[in-house]
Amino acid sequence: MKIGVVLHEGKADAVELGRRLTVWLEERDVQPVMLASEAAAVDRPDLGASQISTADVVVSLGGDGTLLRAARQVLTEGRPVLGINLGRVGFLAEVEAPAVWSAMEKLLEGAYRVEERSVLACSAVGDDGTELGRYAAINEIVIGVGARRRMVRLSVAINGELFNRYFCDGMILATPTGSTAYSLSCGGPFVSPEAKLVVMTPLCTHSLLNRSAILSEEDQVEISVPPEDRGDLFLHMDGYDSGLAPGSFGRLAVASHANRFHLARVQEHSFYTVLRQKLTIWDADEGQ
3 MKIGVVLHEG
13 KADAVELGRR
23 LTVWLEERDV
33 QPVMLASEAA
43 AVDRPDLGAS
53 QISTADVVVS
63 LGGDGTLLRA
73 ARQVLTEGRP
83 VLGINLGRVG
93 FLAEVEAPAV
103 WSAMEKLLEG
113 AYRVEERSVL
123 ACSAVGDDGT
133 ELGRYAAINE
143 IVIGVGARRR
153 MVRLSVAING
163 ELFNRYFCDG
173 MILATPTGST
183 AYSLSCGGPF
193 VSPEAKLVVM
203 TPLCTHSLLN
213 RSAILSEEDQ
223 VEISVPPEDR
233 GDLFLHMDGY
243 DSGLAPGSFG
253 RLAVASHANR
263 FHLARVQEHS
273 FYTVLRQKLT
283 IWDADEGQ
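Note that our numbering has the sequence shown beginning at 3, numbered continuously upward.
Among the hints, erroneous ones may be present.
Label pairs and their in silico Cβ distance ranges [unchecked claim]:
{"id": "1", "residue 1": "Ser39", "residue 2": "Ser157", "range": "40 to 48 angstroms"}
{"id": "2", "residue 1": "Ser209", "residue 2": "Glu98", "range": "56 to 64 angstroms"}
{"id": "3", "residue 1": "Tyr274", "residue 2": "Asp130", "range": "23 to 31 angstroms"}
{"id": "4", "residue 1": "Gly50", "residue 2": "Asp129", "range": "36 to 44 angstroms"}
{"id": "5", "residue 1": "Arg213", "residue 2": "Pro47", "range": "45 to 53 angstroms"}
{"id": "6", "residue 1": "Gly112", "residue 2": "Leu246", "range": "36 to 44 angstroms"}
{"id": "7", "residue 1": "Ala101", "residue 2": "Ala38", "range": "40 to 48 angstroms"}
{"id": "8", "residue 1": "Pro100", "residue 2": "Asp48", "range": "23 to 31 angstroms"}
{"id": "9", "residue 1": "Gly50", "residue 2": "Pro228", "range": "26 to 34 angstroms"}
{"id": "10", "residue 1": "Glu28", "residue 2": "Val116", "range": "23 to 31 angstroms"}
{"id": "11", "residue 1": "Glu28", "residue 2": "Ala99", "range": "44 to 52 angstroms"}
{"id": "12", "residue 1": "Leu110", "residue 2": "Gly148", "range": "43 to 51 angstroms"}
{"id": "13", "residue 1": "Gly233", "residue 2": "Asp48", "range": "43 to 51 angstroms"}
Bear in mind the hints are in silico, worked out from the structure with no lab data behind them.
Virtual Cβ for every residue (Gly too), placed ideally from N, Cα, C.
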């Protein structure tokens, strides 16, 4: 059996846990596999590889961002990812540090379930119709104007028909998984991860129509931006920059991705119990 280990190199506790976990796995005749830079960080360059998609299961050590990074690496192969939470809240990384070893025992025993989560596909298109980039988003796609003070005009079409024109700072298109992330902080609803839908949340729109729109997972969304409004327009997926030059694209095409994100669970808590617990932690932290 192979288990991929993905960790947050900037967190000392994640690096230390990574060291201990690789030893723990090898003592049980399980082969750890890591990306080269992360293997070097735990002083095990011999475990380094160019990819971790050969693993049967992947364990992430960090917060939700680390888990999402791990999931993107094995999205095509459909490998399940178990998150160990060393971050602040952790909606996806369900296992807290004190429960690491009991959770790992369950993982090796196969005593876990796998949840299939929706993924969004996004294409950035130039004025001549050339596809400039194609991306996947497990949490959300964000188009926005960065630090610029001017707002941007976004024309949103759904299934080929104009839905609305927004004068705003940007737009979030979130999966049910991502509904508890950026979209939630911008006034969007939280959604059961089992739902088959997309949450579209405008950012600071200058309009009475400033609420999130709930779309079907099957809907195809197109967002167009006039040339004079592009300026420093950016495109992010799950918090990562697209790599496109600011303002280089004029249209986004968003639809359901062919692949699903597979989240490994070793605990029996429902989504709503986890949501209540995590938001309680969030509120407590904010009150300090």
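query: Has the hinted range 36 to 44 angstroms been met by the Cβ atoms of Gly50 and Asp129?
result: The hinted range 36 to 44 angstroms holds for Gly50 and Asp129, with Cβ atoms some 42 angstroms apart.
query: That 26 to 34 angstroms hint for Gly50 and Pro228 (C-beta), does it hold up?
result: violated (47 angstroms)
field: Distance restraint evaluation - Ser39, Ser157, Cβ atoms, bounds 40 to 48 angstroms
entry: At roughly 42 angstroms between Cβ atoms, Ser157 and Ser39 fall inside 40 to 48 angstroms, so the hint holds.
field: C-beta pair Gly233, Asp48: status relative to the range 43 to 51 angstroms that was hinted
entry: At 48 angstroms between Cβs, range holds.
- request: Given the hint of 56 to 64 angstroms, check if Ser209 and Glu98 actually sit that far apart at their C-beta atoms.
  value: violated (42 angstroms)
- request: With 23 to 31 angstroms as the target window, see if Pro100 and Asp48 comply at their CB atoms.
  value: holds (30 angstroms)
task: Check the following: the C-beta atoms of Arg213 and Pro47 are separated by a distance inside 45 to 53 angstroms.
output: Holds: the Cβ-Cβ distance is about 51 angstroms, inside 45 to 53 angstroms.
message: Given the hint of 23 to 31 angstroms, is the C-beta distance from Glu28 to Val116 inside that range or not?
response: This hint holds: roughly 25 angstroms between Cβ atoms.
query: Does the Cβ-Cβ separation between Leu110 and Gly148 fall within 43 to 51 angstroms?
result: Taking Cβ atoms as reference, Leu110 and Gly148 lie about 45 angstroms apart, which means the hint holds.
message: Can you tell me whether the CB distance of Gly112 to Leu246 sits inside 36 to 44 angstroms?
response: Check passed, 42 angstroms falls within 36 to 44 angstroms.
query: Between Ala101 and Ala38, does the C-beta distance stay in 40 to 48 angstroms?
result: Between Ala101 and Ala38, where Cβ atoms are some 29 angstroms apart, the hint is violated.
Outcome of range test on Cβ distance (Tyr274, Asp130; 23 to 31 angstroms): With Cβ atoms ~47 angstroms apart, the hint is violated.
In summary, the numbered hints that this structure violates are 2, 3, 7, 9, 11.
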